[in-house]
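**Student:** Chains as they are written, first to last, in our numbering: chain S, 1 to 315; chain W, 1001 to 1049.
Think of the hints as simulated: they come from the structure by calculation, not from any bench. Check before you lean on any hint, since a few could be wrong.
[As the list claims (entries may be wrong)] Non-contacting residues of chain W with respect to chain S, defined by C-beta distances greater than 12 Å in every case (computed): (1) Gly1006; (2) His1009; (3) Ser1015; (4) Ala1016; (5) Ala1018; (6) Thr1029; (7) Arg1033; (8) Pro1046; (9) Val1048.
[Stated by the list, open to error] Listed below are the simulated DSSO-like cross-link pairs for lysine-lysine, each with C-alpha atoms no more than 27 Å apart in a straight line: (10) S:Lys29 - S:Lys112; (11) S:Lys279 - S:Lys315; (12) S:Lys279 - W:Lys1043; (13) S:Lys282 - S:Lys306; (14) S:Lys150 - S:Lys279; (15) S:Lys235 - W:Lys1020; (16) S:Lys93 - S:Lys68; (17) S:Lys315 - W:Lys1020; (18) S:Lys70 - S:Lys29; (19) S:Lys91 - S:Lys306; (20) S:Lys68 - S:Lys91; (21) S:Lys112 - S:Lys144; (22) S:Lys17 - S:Lys68; (23) S:Lys235 - W:Lys1043; (24) S:Lys150 - S:Lys194; (25) W:Lys1047 - S:Lys306; (26) S:Lys150 - S:Lys130; (27) W:Lys1020 - S:Lys194.
Even for Gly, the Cβ is constructed at its ideal location relative to N, Cα and C.
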Amino acid sequence: MVGYIDKIKEISERLLKEGTVEMVIGFQKGTLPMMNTPCFAKTPEDVGNFVWDSHCGINLANYLTDRKEKIGVIAKGCDSRSIVTHITENKIKREQIFVIGAPCKGMMDRHKIASLFETEIRSVAENDGKLIVTAGDGEKTLEKADLLQKNCAVCAHRNPVIHDELAADPVEDQKDVDRYADVREIETMPPAEKWDYFDDLFSACIRCYACRNACPLCYCPTCFVDESQPQWVGKSTDPIDTKTFHFLRAYHCAGRCTDCGSCERACPMGINMRMLTKKLEKDCIDAFGWEPGLDLNQRPPLDTYKMDDPEDFIK
Amino acid sequence: MGIEPGRLHFSWISSAEATKFVDVVTQVTDAVRALGPHENFVKHMPKVA
Ligand code: SF4
Ligand code: SF4
Chain S
1 MVGYIDKIKE ISERLLKEGT VEMVIGFQKG TLPMMNTPCF AKTPEDVGNF
51 VWDSHCGINL ANYLTDRKEK IGVIAKGCDS RSIVTHITEN KIKREQIFVI
101 GAPCKGMMDR HKIASLFETE IRSVAENDGK LIVTAGDGEK TLEKADLLQK
151 NCAVCAHRNP VIHDELAADP VEDQKDVDRY ADVREIETMP PAEKWDYFDD
201 LFSACIRCYA CRNACPLCYC PTCFVDESQP QWVGKSTDPI DTKTFHFLRA
251 YHCAGRCTDC GSCERACPMG INMRMLTKKL EKDCIDAFGW EPGLDLNQRP
301 PLDTYKMDDP EDFIK
Chain W
1001 MGIEPGRLHF SWISSAEATK FVDVVTQVTD AVRALGPHEN FVKHMPKVA
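Bound-form chain W, shown alone:
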């Protein structure tokens, strides 16, 4: 529906897998940062004077 695939990530991480958690979060943030801000699916509130 128009969201870049790189913005959505799935992973199984057990509470005991701290290093995996760190790796995944780093990968996710890097991937999303590389895509830049998402401008589409954002609701802009009407400006009130």
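Next comes chain S alone, as it looks inside the complex:
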């Protein structure tokens, strides 16, 4: 995967030199290890800052919303599906973007890696399926395969669904992954137990909204949690306010979330709020046979009506 970077740089430089696009969105090294941040290259020289490794988990579709210029964007499987969603929702036009596809074998779970060390991680290098992590309390060589982000471990669409040029050959998709074992487990709980599960899940949330800000779907000009007239939900970390925020945000992502994992990756508290969006994703498959972001020509289930939409819950 590290090998992609030369090709990514070559394509990006060419696009900027030829004036095909005004900007290419990729990744640059963050100030902390495992925290690559978006990089907006506007000149061929800027492209020198690009990096590509196993810490590019943020979804770059997030930076396309309502842009007017021509943009090149590097897209993993999940980013590409969010780009399709953006196009379907009229947040950007297909002809405005040049998608540089990056077939992906999964990004690293920074929370999990950090939990393996007592002290702060100073550097992370990767080599041939292995990660060499150096922290204050020593160096460890770890298997990348054991440290995939939770969503990457069960990803079924690793290759970009749309692209104008690929940075590498497509990778083999994981077959027979059981995407919803964890959701099914919660589905079988009685209501009181479910309540306790979510109470516990969100108890550490500090309402920083990093999850919302990292999400490509959360592009409303004013989020319902920020409104004050009327104030739909309290702004404190009262457990009910916090859960109201998470439950509603999840519903706003129904039929749109591609399980890119940006939200969970961004969370400073390591909260797995994807348990909500994954349930809705599963429901959309069960009820409407719908997986978001796979096809530019299909309308999402929540803005179409079909005669055979399930309605047995209506009396």
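Using the hints provided, position chain W with the ligands relative to the given structure of chain S.
**Tutor:** This is chain W with the ligands only, laid out in the frame that chain S set:
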């Protein structure tokens, strides 16, 4: 997410279906009453002295 299924009801009722409306509302209130008050998803304001 921990709300009892019996608290949530959906129904299509046209404005001309007064009897159906009454039936449904009666069923809903009976079902919810049988479950008792919902204690979880309720925000308690901090007590001010
Ligand atoms: S809710 Fe999370 S997993 Fe879903 S699209 Fe948004 S950031 Fe990605
Ligand atoms: S990023 Fe984490 S702590 Fe911040 S609001 Fe989201 S769940 Fe809460």
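**Student:** Straight-line Cα separation of Lys150 of chain S and Lys194 of chain S no greater than 27 Å?
**Tutor:** Answer holds: Lys150 of chain S to Lys194 of chain S is near 21 Å, not above 27 Å.
**Student:** Taken at face value, is the distance from the CA of Lys1043 of chain W to the CA of Lys235 of chain S at most 27 Å?
**Tutor:** It holds: about 13 Å lies between the C-alpha atoms, which stays within 27 Å.
**Student:** Given the hinted pair Lys91 of chain S and Lys306 of chain S, is their Cα-Cα distance within 27 Å?
**Tutor:** Cα-Cα ~25 Å, so holds.
**Student:** Tell me if the straight-line CA distance from Lys150 of chain S to Lys130 of chain S falls inside 27 Å.
**Tutor:** holds, 18 Å
**Student:** Keeping to a limit of 27 Å between CA atoms, is the pair of Lys29 of chain S and Lys112 of chain S held or broken?
**Tutor:** holds, 20 Å
**Student:** So is Ala1018 of chain W really clear of chain S, every C-beta pair being over 12 Å apart?
**Tutor:** It holds; Ala1018 of chain W is separated from chain S by about 16 Å at its closest Cβ, greater than 12 Å.
**Student:** For the pair supplied as a hint, Lys70 of chain S and Lys29 of chain S, confirm whether the alpha-carbon distance does not exceed 27 Å.
**Tutor:** holds, 24 Å
**Student:** Quick one, are Lys150 of chain S and Lys279 of chain S close enough, alpha carbons at most 27 Å?
**Tutor:** holds, 15 Å
**Student:** Does Lys279 of chain S pair with Lys315 of chain S here, judged by a C-alpha cut-off of 27 Å?
**Tutor:** Status holds; Cα separation ~24 Å.
**Student:** Is Lys68 of chain S close enough to Lys91 of chain S, meaning Cα to Cα at most 27 Å?
**Tutor:** holds, 10 Å
**Student:** Hint check: Lys279 of chain S vs Lys1043 of chain W, CA-CA at most 27 Å. Holds or violated?
**Tutor:** holds, 25 Å
**Student:** Non-interface claim for Gly1006 of chain W: all C-beta distances to chain S beyond 12 Å?
**Tutor:** Given a closest Cβ separation of 9 Å, the condition is violated.
In the structure shown, a violation is registered for the earlier hints numbered 1, 2, 8, 15, 25, 27, in ascending order.
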